[in-house]
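K.L.:
Chain residues, written in single-letter form:
There are 2 protein chains.
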Amino acid sequence: VSGAQPTLNGVPGFRLGGVSAGIKKRGGLDLGVIVADAVVACAGVYTTNLVVAAPVVQSRAKLAAAPRARVVIVNSGNANACTGARGEVDAAEMAKAAADAVGCDVRDVQVCSTGVIGAPLPVERVRDALPRLLDVTRVDGLPDFARAIMTTDTRPKQRGVRLTIDGREITIAGACKGAGMIHPNMATMLGFVLTDAPIAEADLVAVWGRVAGRTFNAISVDGDTSTNDTALCLASGAAGGAPLQGDALTRFEAALEQVAGELARDIVRDAEGATKLVAVTVQGAPSDADARRAANAIATSPLVKTALHGEDPNWGRMVAAVGRSGCPIDTARVRVAVGETTVFAANAWAGAEAEQAAHATMKTPEYGVTLDLGLGEGRFTVFTCDLSGDYVRINADYRS
Amino acid sequence: VSGAQPTLNGVPGFRLGGVSAGIKKRGGLDLGVIVADAVVACAGVYTTNLVVAAPVVQSRAKLAAAPRARVVIVNSGNANACTGARGEVDAAEMAKAAADAVGCDVRDVQVCSTGVIGAPLPVERVRDALPRLLDVTRVDGLPDFARAIMTTDTRPKQRGVRLTIDGREITIAGACKGAGMIHPNMATMLGFVLTDAPIAEADLVAVWGRVAGRTFNAISVDGDTSTNDTALCLASGAAGGAPLQGDALTRFEAALEQVAGELARDIVRDAEGATKLVAVTVQGAPSDADARRAANAIATSPLVKTALHGEDPNWGRMVAAVGRSGCPIDTARVRVAVGETTVFAANAWAGAEAEQAAHATMKTPEYGVTLDLGLGEGRFTVFTCDLSGDYVRINADYRS
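Chains as they are written, first to last, in my numbering: chain A, 1 to 400; chain B, 1 to 400.
Take the hints with a grain of salt, since some may be wrong.
Same chains, same label: a pair holds when it works inside one copy or across any pair of copies.
Pairs of lysine to aspartate or glutamate residues, derived as DMTMM-like cross-links and limited to a Cα-Cα distance of at most 25 Å, are as follows [to be verified]:
hint, residue 1, residue 2
1, Lys25, Glu93
2, Lys363, Glu377
3, Lys25, Glu311
4, Lys24, Glu340
5, Lys25, Asp105
6, Lys25, Glu377
7, Lys25, Asp247
8, Lys24, Glu355
9, Lys363, Asp397
10, Lys363, Asp390
11, Lys24, Asp397
12, Lys25, Glu340
13, Lys25, Glu366
14, Lys96, Asp372
15, Lys96, Glu353
16, Lys25, Glu201
17, Lys24, Glu353
18, Lys363, Asp166
19, Lys24, Glu124
20, Lys363, Asp203
21, Lys363, Asp288
22, Lys96, Asp288
23, Lys25, Glu169
24, Lys25, Asp203
Hints were generated in silico from the structure; no laboratory data involved.
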């Protein structure tokens, strides 16, 4: 598996499509669907925000009862969040309409909504568009689906890989949307990854939980979590054979992480106002959880993110962010590197030459920053972006 | 007590001054001192960052051993942070030099440093300037002291009140510096409040802890805490009489909070790039700690802060910030008000007219936002500012 490519347009066992249902004010594709040929294994990871949109509440409950699905129906342009009892009725109606149109149990329908918070969902437009939507679904329909779930994204995001495991040709492909929770009331990140690999339900749930933790849950645009975030993984088993186990399952997990990782990084690359994709790695922490806390503090610090924008190897801001993160730190043991260049170690600045080399690395659009805390084996990487004047301009615009 | 004024230039029992010692590259006052006529009660609140500057480590230890001081010596232009063993030696030298010059025990000297992180402190310049500094100290020297502690501040910050308690004329006055930890490697907030009220040491420690929690620890510019933050309160007792107790002490605490509160808000008013001072109040939370978590999440959210800059009553971003804060929330019970105008209640937007009224409030430079969670009696207010393009420009500037 040498790279997740944006050119794989479908996965055996699934049909996908997208249409315009009239939900987005400005028009364009705004209703997408994934229909599996039969009920398949499905694992979901949802927002941890306590303010949860109705579709998330219902879809989460369904997968908690049984990790499987037949249909994923997604609208953009309206988040159906902070909409009270009416929102719950609308989300249930949307699921029921999709179940009726496909001819399946409503419990096997996952519903996702993304867009404006606090406005009622025009569910009748979803119902009216459903026959048309099912008509256009096809095996290579991922590009239309990827477009239908976009809100403030400047481009659709899809990635896929093909690999051979135990002599079987396996496809993994998916799409996502999101530019951080950075647009007026847009609610926000959705990710969908499909595979034809045969995976036992319980394995898919475990694998997806780990993979999402290292991909969709390891990116930061602005530190805000949304009310609608959802990442689903569906496995059709169309590649045939018995469920993957042992080493085969491990190889599958690595490939899945590659696809989900590229999709997640595509969100950061498309983050509004952003010009840099920066991998912030904290290693040598007492534990992985400590490393995660420290990396997140760095990746969400406005001071660090403005320094990234200014291409300034400002290790002081990074070290200070770790200091308030809850992760233990002893500055005498800390080494900070930008790319391959050490800029701070043993309580001392590495000098002007190192700083110039680091500055040169920071002029490139994608690079890594590493803080080795020298305390243990804990390690975590978060992908973040710079904070630019464009971010402020976009988000300070009064809603029109 | 009707308002803390920036015109009180001293407090009986203290002499203050500031000189240029050549620590700041660009020149200007950079060494300030407060000398009490005798050893007085002194309470301190310090940064919670685990990366702590040497002067903070030493000064904190002294007050932990005995809450009293004779001298506070402060330099700007250099934070003496991330400077390792040499930094510890330099901070101790600075205290020793001040103790020798005044003729007091080194344990009664508080040392504060603020400025660039990671550069060695030129302690010999402090030592050389000390005789000159002590020569210029005077009872009404607060303005020079306030200037000597500035780094990126655009103006000195001093506030004071006079009031009568139990027939005694009491003065409370102080100065602070800081514009958030928002300038390249500037480390950051310092606050000093003096009073001639007679206060028992233990009472001063308790009162100052509470007051600092509601003032210097209830402001946010960018969510970053620094390596050098220090707030000291010194009580000379020069007003005479027995230590204040009971209602008199309570009245003193209220006046102290007023002075410290105005000083803290002056920091937010002077925050780089900021154009608004916004009081974010969360009430109706299960507990004060929950309210504090929720208010801090709102006050530090880049999405909320850009909306404040855009004068956009974007309640969705505020509610979503509470949802990820750890504070319980049930959107059906939440009411959001901007100034006096309710913009969201009972899971519904309050309409275009309310939004226009809220927008008008947000055009003013200072106002409040209130989220009533409808769950309990917990309440907390955080003062924050907007996030502007100027903030990004200032902080993205490559260090020169």
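K.L.:
Each of the hints needs a verdict: does it hold here or not?
P.N.:
Each hint, compared with the structure:
Taking the shortest alpha-carbon separations for Lys25 and Glu93, only the intra-copy value of 22 Å comes in at or below 25 Å, while the best inter-copy value is 67 Å. When the C-alpha separation of Lys363 and Glu377 is checked against a cutoff of 25 Å, the pair qualifies neither within a copy, at 31 Å, nor between copies, at 51 Å. In the homo-oligomer, the alpha carbons of Lys25 and Glu311 lie at most 25 Å apart only across protomers (23 Å), although the nearest pairing inside one protomer, at 38 Å, exceeds that limit. For the identical chains of this complex, Lys24 and Glu340 are neighbours neither inside a copy (46 Å) nor across copies (33 Å), given an alpha-carbon limit of 25 Å.
For a Cα distance limit of 25 Å, the shortest separation of Lys25 from Asp105 qualifies neither inside one copy, at 32 Å, nor across copies, at 73 Å. In this assembly of identical chains, the alpha carbons of Lys25 and Glu377 never lie at most 25 Å apart, being 51 Å within a copy and 41 Å across copies at closest. Taking the shortest alpha-carbon separations for Lys25 and Asp247, neither the intra-copy value of 49 Å nor the inter-copy value of 61 Å comes in at or below 25 Å. In this homomeric assembly, Lys24 and Glu355 come within 25 Å of each other (Cα to Cα) only across copies, at 22 Å, whereas the closest approach inside a single copy is 48 Å.
Taking the shortest Cα distances, Lys363 and Asp397 sit within 25 Å of each other only across copies (14 Å), while inside one copy they are farther apart (29 Å). For a Cα distance limit of 25 Å, the shortest separation of Lys363 from Asp390 qualifies both inside one copy, at 18 Å, and across copies, at 22 Å. Taking the shortest alpha-carbon separations for Lys24 and Asp397, only the intra-copy value of 19 Å comes in at or below 25 Å, while the best inter-copy value is 39 Å. Taking the shortest Cα distances, Lys25 and Glu340 never come within 25 Å of each other, neither inside one copy (47 Å) nor across copies (31 Å).
Taking the closest pair of Cα atoms, Lys25 and Glu366 never come within 25 Å of each other, the shortest separation being 35 Å inside a single copy and 35 Å across copies. Taking CA atoms no more than 25 Å apart as the test, Lys96 paired with Asp372 passes in neither setting, with 52 Å inside one copy and 36 Å between copies. For the homomeric pair Lys96 and Glu353, neither the shortest alpha-carbon distance inside one copy (64 Å) nor that between copies (36 Å) is at most 25 Å. When the C-alpha separation of Lys25 and Glu201 is checked against a cutoff of 25 Å, the pair qualifies neither within a copy, at 39 Å, nor between copies, at 65 Å.
With identical chains, the CA atoms of Lys24 and Glu353 are at most 25 Å apart between copies only, with a shortest distance of 24 Å across copies and 52 Å within one. Taking CA atoms no more than 25 Å apart as the test, Lys363 paired with Asp166 passes in neither setting, with 43 Å inside one copy and 65 Å between copies. Within a single copy, Lys24 and Glu124 get their C-alpha atoms as close as 14 Å, which meets the 25 Å cut-off; across copies the closest is 67 Å, which misses it. In this assembly of identical chains, the alpha carbons of Lys363 and Asp203 never lie at most 25 Å apart, being 42 Å within a copy and 54 Å across copies at closest.
In the homo-oligomer, the alpha carbons of Lys363 and Asp288 never lie at most 25 Å apart, since the shortest distance is 30 Å inside one protomer and 45 Å across protomers. Taking the closest pair of Cα atoms, Lys96 and Asp288 never come within 25 Å of each other, the shortest separation being 42 Å inside a single copy and 43 Å across copies. With identical chains, the CA atoms of Lys25 and Glu169 are never at most 25 Å apart, being 42 Å at best within one copy and 66 Å at best between copies. In this assembly of identical chains, the alpha carbons of Lys25 and Asp203 never lie at most 25 Å apart, being 41 Å within a copy and 62 Å across copies at closest.
Of the hints listed earlier, those the structure fails to meet are numbers 2, 4, 5, 6, 7, 12, 13, 14, 15, 16, 18, 20, 21, 22, 23 and 24, in rising order.
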